[in-house]
Amino acid sequence: GGITQSPKYLFRKEGQNVTLSCEQNLNHDAMYWYRQDPGQGLRLIYYSQIVNDFQKGDIAEGYSVSREKKESFPLTVTSAQKNPTAFYLCASRRPGARDTEAFFGQGTRLTVV
Amino acid sequence: EDQVTQSPEALRLQEGESSSLNCSYTVSGLRGLFWYRQDPGKGPEFLFTLYSAGEEKEKERLKATLTKKESFLHITAPKPEDSATYLCAVPLSGTYKYIFGTGTRLKVLA
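Listed in order, the protein sequences are those of chains H and W. Its first residue numbered 5, the first sequence is counted upward by one per residue in the working numbering. Its first residue numbered 416, the second sequence is counted upward by one per residue in the working numbering.
The set of hints was computed from the structure by calculation and includes no laboratory data. Among the clues, some could well be false.
[What the hints assert, rightly or not] No farther apart than 25 Å at their CA atoms in a straight line, the calculated lysine-lysine pairs in the DSS-like style are these:
id, chain 1, residue 1, chain 2, residue 2
1, W, Lys512, H, Lys74
2, W, Lys522, W, Lys478
3, H, Lys60, W, Lys512
4, H, Lys74, W, Lys457
5, W, Lys457, W, Lys478
6, H, Lys12, W, Lys457
[As the list claims (entries may be wrong)] A few chain W residues that don't get close to chain H, going by computed Cβ distances all over 10 Å:
id, residue
7, Leu426
8, Ser434
9, Pro459
10, Arg476
11, Lys494
What you are looking at is a predicted structure, and each value in this text was computed from that prediction instead of being measured. Beta carbons: idealized from backbone N, C-alpha and C, even for Gly.
Start from the sequences, fold in the hints, and give me the full structure.
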């Protein structure tokens, strides 16, 4: 079991919306999307604690998400995101009395062409 | 302001040369500190969780320790396969969000 992100590489033309897939079979309630740029830490885009509910992170502008199923948390990079070239990471976390570790997918590298 | 700072940014070691990586944090009510390893082009992989000051965890050549202000990741007699970026993260007070440091890029030379 684990988290599967697809595709591994994605190319976007100017003005185009693209959707990054994230699927998990860990039965985790919480899911997250992060963006990673060289020399910067992981920055939170959106997160979801439960199906049909999600919250904006620190850099949500130009992105949208949905959480219709527990297993799936797709991220759409819209044309409003002016600098989308980055490495995108999806993560999930199981609920617990204490904060627990995140499980990450292998990432999607998005490039604007 | 809640913050996580890692140092050094980059570290080059000879094989067998032990050293330590630092993660300092300023969050109120620490609920845990997490260490991850990230290889180039891949997602981070979980290493350790530390919940309270004085706690220590070990795994092979790695040992993580925690004080009230910082955590250290000690690497004893490293090997080239230990080369990676090491990230630390803490939960943000009163939220489900986590703050990540910018990481330490470790290179171990044979």
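Tested hints:
{"no.": "1", "hint": "W:Lys512 to H:Lys74", "result": "19 Å, holds"}
{"no.": "2", "hint": "W:Lys522 to W:Lys478", "result": "18 Å, holds"}
{"no.": "3", "hint": "H:Lys60 to W:Lys512", "result": "10 Å, holds"}
{"no.": "4", "hint": "H:Lys74 to W:Lys457", "result": "24 Å, holds"}
{"no.": "5", "hint": "W:Lys457 to W:Lys478", "result": "23 Å, holds"}
{"no.": "6", "hint": "H:Lys12 to W:Lys457", "result": "10 Å, holds"}
{"no.": "7", "hint": "Leu426", "result": "15 Å, holds"}
{"no.": "8", "hint": "Ser434", "result": "21 Å, holds"}
{"no.": "9", "hint": "Pro459", "result": "5 Å, violated"}
{"no.": "10", "hint": "Arg476", "result": "20 Å, holds"}
{"no.": "11", "hint": "Lys494", "result": "24 Å, holds"}
Checked against the numbered hints given earlier, the structure breaks only hint 9 and satisfies all the rest.
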